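Chemist: Sequence:
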Amino acid sequence: MSGSSIRSMRLFQNICGDAALKNAIVVLNMWNLVQPETGHEREKELKTKDTFFKPIVDRGTDILHHDNTVESAHAILRQMLKNKPAPLAIQSEMVTQKKALYQTSVGEAMLGELAMLEQNHRREMETLQKEMEEARREQDEVAQAEIQEAQENLEQAAAKIVNERTRLLPADKQKKSSHKIQQSCLGFWKSLGALKCC
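Reading the sequence shown from the start, the letters are residues 293 to 490 in the numbering used here.
It is possible that some hints are incorrect.
For lysine to aspartate or glutamate, the following EDC-like pairs were computed, each having C-alpha atoms within a straight-line distance of at most 20 Å [stated by the list, open to error]:
#, residue 1, residue 2
1, K314, D342
2, K391, E410
3, K452, E400
4, K336, E363
5, K390, D464
6, K341, D354
7, K374, E400
8, K465, E444
9, K341, D359
10, K346, E333
11, K339, E329
12, K376, D310
13, K422, E405
14, K422, E400
15, K465, E410
16, K314, E363
17, K391, D310
18, K390, E400
19, K314, D354
Derived by calculation from the structure, the hints in this document are not laboratory data. Quantities reported herein were computed from a predicted structural model and do not represent experimental measurements.
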C-alpha cells in the first residue's frame, strides 16, 4: 500500500473505532479474474501484513470476495445484515462526549498529518532557497525558472494546509496556526527577494 493508502486506512480506523470495525467489510473485487491459488496467496498477505488489512482484520473486520455477480453482491449484503449496529467512534466522540472535530481521534490524526506536511514544506522551502541562491550565483536562468515554479507549487500546497486547518480548527485556534505557516512562507519569499506572500 502507498503512504496515502496507509494514512487513509488509519483514518478509517479512527472514524470507526474498535466497536464499529467489527461491522466493516473489505470487499475484494474482480475475484473471478484471479487464479484461485494466486487469489488465496494475495488474500493471506492482505490479512496478515500490518501494511495491509491486518490491523482491522484483528479488530473483527471481514474480508469478502465479489466476483461481479448478483449472487456475490447479495451474499455480501446478507453478511452485512447480520451485524448489530454500533456507533462510529467519531459519533461517540462528537455526540456523546461533545468534542469538537479537531478534538476527536480523527481530528487529532488529521492535525498531526497537517503538522507533518507543514514540517516537510519548511524543509523543502529551505532546500529551494539554497538551490535558488546557487542558481543566482551561477546565473543559471533555466534553474531559477524551475526553482521558481517549484516554489509556487509549494506555496499552493502551503495554502491548502492553511485551508485544511481552517476547516478543522475553531476560529480562536486558527489564527495561531495560519499565522505560523504564513510567516514561514513570507520569510522564505523575502529571503529570495521575491516579496510574495502565500
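Chemist: Each hint should be assessed against the structure and marked as holding or not.
Modeler: Okay, the hints, checked on the actual structure:
{"no.": "1", "hint": "K314 with D342", "verdict": "17 Å, holds"}
{"no.": "2", "hint": "K391 with E410", "verdict": "25 Å, violated"}
{"no.": "3", "hint": "K452 with E400", "verdict": "18 Å, holds"}
{"no.": "4", "hint": "K336 with E363", "verdict": "24 Å, violated"}
{"no.": "5", "hint": "K390 with D464", "verdict": "18 Å, holds"}
{"no.": "6", "hint": "K341 with D354", "verdict": "15 Å, holds"}
{"no.": "7", "hint": "K374 with E400", "verdict": "32 Å, violated"}
{"no.": "8", "hint": "K465 with E444", "verdict": "27 Å, violated"}
{"no.": "9", "hint": "K341 with D359", "verdict": "24 Å, violated"}
{"no.": "10", "hint": "K346 with E333", "verdict": "14 Å, holds"}
{"no.": "11", "hint": "K339 with E329", "verdict": "15 Å, holds"}
{"no.": "12", "hint": "K376 with D310", "verdict": "14 Å, holds"}
{"no.": "13", "hint": "K422 with E405", "verdict": "26 Å, violated"}
{"no.": "14", "hint": "K422 with E400", "verdict": "33 Å, violated"}
{"no.": "15", "hint": "K465 with E410", "verdict": "16 Å, holds"}
{"no.": "16", "hint": "K314 with E363", "verdict": "23 Å, violated"}
{"no.": "17", "hint": "K391 with D310", "verdict": "19 Å, holds"}
{"no.": "18", "hint": "K390 with E400", "verdict": "15 Å, holds"}
{"no.": "19", "hint": "K314 with D354", "verdict": "7 Å, holds"}
When each numbered hint is compared with the structure, violations occur for hints 2, 4, 7, 8, 9, 13, 14, 16.
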